[in-house]
Amino acid sequence: MKSTGPRGSGQWEQISWDEATTTIATKFTETAQKYGPTAVYIAPYTGSISALNGVIGAGYRFASVIGASAGDFEGDNEGDSASPCGANEILGSFDGHDLSDLRNSRMIILWGNNLAETDVPDMRFVLDAREGTITSEGVTQPNPNGTTAKVVNIDPRYTSTATLSDQWISIRPGTDGALALSMINVIINEQLHNVDYVTNYTVAPFLVRQDTQLFLRQKDVTTGTSTKYMVYDSNSKTIVPYDQSGIAPSLTGSYTAAGTTCKPAFQLLTDLVSQYPTSEAEKITGIPASTIENLAKEFATMSPAAIKAGFGGISHWYYGDLTYRAMITLSAICGYIGVHGGGVTTYNGALLDAALDLPDWLNPDKKAYTYLPPLSFCAAVETGKPFPVKAAWFPVDNFVNQQGDTNRTIAALKSLDFVVVSDMFLSPTAQYADIVLPVATQYEREDMLPGGNYYLQYMPKIIDPLWECKSDLDMFAEVAQKMGQGNYFDKTPDDYLSLLLSGLPSGLTLDTLKSEGVVALDEKDYGTAAFQPITQPYVPYYQQHFPTPSGRIEFYAESLIPYSMPLPIYNEPIEASPTNPLYQKYPLVFLTCHTKFRTHTQWDNLPWLREIIPKSFLEINPIDAQARGIDDGDTVTVFNDRGSIQILTRITEGIRPGVVNAYQGDWQEFPTATVNMLTHQKINPAQSVVFLFQSNTAYYDTLVDVKKS
Amino acid sequence: MVIDLSRCLGCWTCALGCKAENDEPIGIWWNRILTTGGKEMDTPSGTYPDVRMTYMPINCQHCDNAPCVKVCPVGALRKRDDGIVFLDWDRCIGCRYCLVACPYGIPAFNWAPPVQVPDNSQFKLGAPAVPVRPVGVAEKCTFCFHRVDVGNLTPACIEVCPAGARFFGDLDDPNSQVSQIIQTKPTMRLREELGTEPSVYYVPPRNPTRPQEVSAT
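Protein chains in written order, with our numbering: chain A, 235 to 943; chain B, 154 to 370.
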């Protein structure tokens, strides 16, 4: 269809595929000639999780061959990158345990994670661990203690997950980092940390110069160019290279070298966490000091203990990367990284993409698109920096609905010269398009499902596309052909799937994948040899090798010195904090959690699910409701300086006073109940140190107030 | 049937699997998930932070002594030899006695011509063995006997449960999975005092959540 009125007016005219693709090719070519090829932006897309047509799909290949700008090829940058960023900073990669490994845990902390609603099949593994259902299926080591796991849920909301946990700890939103630091403080004070582990596998013994804040290197204290890290040897009472044999590296103290004071990184960590005794953490987190102390002691002694962290609960914060680093540090000082039943897991399967032959698929002939983080899209449109963006294609991406600060996003789309949206539904984003292309569903084209776990799944085409729908691959191919790049799209889906599989060291063929349907990948396929797991279920870092600059767990990271964050310090939320003057005006923290009845915006238009949840609603504690004269079921206005929404209320004792929640993803009630009218696009510059994970929407870091409509 | 409430997430997958399998019209659910807690779904009882909530999926209890079968004046509701209570749409006259008699509020009634989404005229979603229901009949869970009779298949709700919280089998066989669960775990049946002898057993929630000590804030 093409728009026949102003953008967003809802006036459409049906046109032929030929006219549509010719228009797109012409407009993109004109835009590239006038403003440079990167002025065409291909948005990321998670609306379709598959190899050729989705999240690592044809859109990026298209962007590469026409030289356009594009989002992260993993598509996940609108709020899920703070945790991956933090993980990369401290561990060198973002990876997680196969969740069946939870059966090896004695304690499981579901931290900011409503697993029972947001990852329903995975909650089964928690239940199995809690129920003590140890089976031989997929478990290579039995629970060494033969006991059931204690499950603790940390969340400001009492959720389905809390109902299936042994303990629910309500926390002030966004203060999880302070809780982690306080737990570390308890563990160090009680000497419950694993000294051998931190000495051998973390940067704990490495001396840090207090003048430059950099690690002390051998060349700083002796002649030569050796950059070896230095430690204080308690035996010889001298400063020696960390790898010298027969030494006893000190974790504490203060020493003089290279004309400056030097302290082991562990001493710096100890100094940091000493600012967060449980009494102080109680003031910050709202969790009783005794609860924090017990939690810390249990975590350190119920070995091994696992942290299963929520994507949103941790990542949807401005300082989410710091929080995640603090959580990994907590796990590391107990020696739980790379061991069965331990670890900090958000998402498992992150290594899989790396094992596929992505370069030849995404960057044919070494052609590459220019990365523009999705969160920088509006700024690029508004200011022309880092380069102007004048045309965009949103493939199965409900960008308008899901990007923070909807009003700003709509204004940006309206100011573009040309907008294409391809989708299965006429989404709010499609309403702002010049051309809308109908996309075939996953049942109407051949593809492969990578990632999300250590499995590959073949996606056969069940029926031909209905009506005039086309696959993403076919529509990108058609436009590419009209832009003179047809030679990059002249193969069959089978050819491209085979190309992707050719990167797998195990030699898995497409024929095998087709006949098996689902293939559990050989461990050779998991990643580069140095980091291969040698155990089942999958445990990352099992060999205690870390792809960091030092090869160790870097709870002290040199790359973050410019941001004054080499240690995982605690910062108050950027907006949703009582320390923010705005709090006087908007005293409620606005969470926009995921509901079990949608996957982001997907399924919101299903009549069956709308029977269960007819209208979107705002969860509010009776204390906050009564203070505003709000009754259950009232329609209320939720507002701040960025916008407002109208929504029903659901008064519940299951949410912390001072916190409200409206489930994200509603688009049937757009824009009335579009929660991102209230969120923002503030970018944490410290995340720029990790390429591809620098764009994170701090959705939850938002203040609002509520009044009766 | 055994439903283990210590594993139920309240996710509604059983209800939706049932709805798809049995072609249930808009407005009718053979299977629903009740919240034991606050007055609305997914809300707890108690006062923050000392709150409690559990879930209770509910479908036809397939009573051994079924009140609905007793009151049906035309023999449309019958009990099979294997214990499944089924409702024959060819016989149902729409008197709705069963709606009144059932102490569990299970039977639903097609007051208007059933509306299916997707539209049945274009694409019948339910299993081929599930007949098209006319207007003016009651309907309820069949334990998916069209699947059970085939052998090896369990009701749709059992198959789709992602939490492993639902079990189905022969209660007369002491070695069956369901019999073993009933023998080894505490179970309860709904409104047993009525003498209905339900065939659905519930394993109670293992331990209601222990909330934190009362918060300082």
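Hints listed in this document are in silico derivations from the structure and should not be mistaken for laboratory results. Quick caveat: nothing in here was measured; it's all calculated off a predicted structure. We put the CB at the ideal spot given by N, CA and C, even for glycine. Hints may be right or wrong, so weigh each one.
Sample of chain B residues facing chain A (criterion: CB under 8 Å; computed from the structure) [unchecked claim]:
#, residue
1, Lys172
2, Glu193
3, Gly199
4, Val222
5, Lys223
6, Val224
Derived BS3-like pairs: lysine-lysine, alpha-carbon spacing no greater than 25 Å straight-line [stated by the list, open to error]:
#, chain 1, residue 1, chain 2, residue 2
7, A, Lys695, B, Lys338
8, A, Lys384, B, Lys277
9, A, Lys716, A, Lys704
10, A, Lys517, A, Lys531
11, A, Lys725, A, Lys601
12, A, Lys725, A, Lys849
13, A, Lys531, A, Lys236
14, B, Lys232, A, Lys849
15, A, Lys941, B, Lys277
16, A, Lys748, A, Lys758
17, A, Lys849, A, Lys236
18, A, Lys849, A, Lys261
19, A, Lys942, B, Lys232
20, A, Lys261, A, Lys748
21, A, Lys517, A, Lys268
Task: Which numbered hints fail - done: Those not satisfied are hints 4, 5, 6, 7, 8, 12, 13, 14, 15, 17, 18, 19, 20 and 21.
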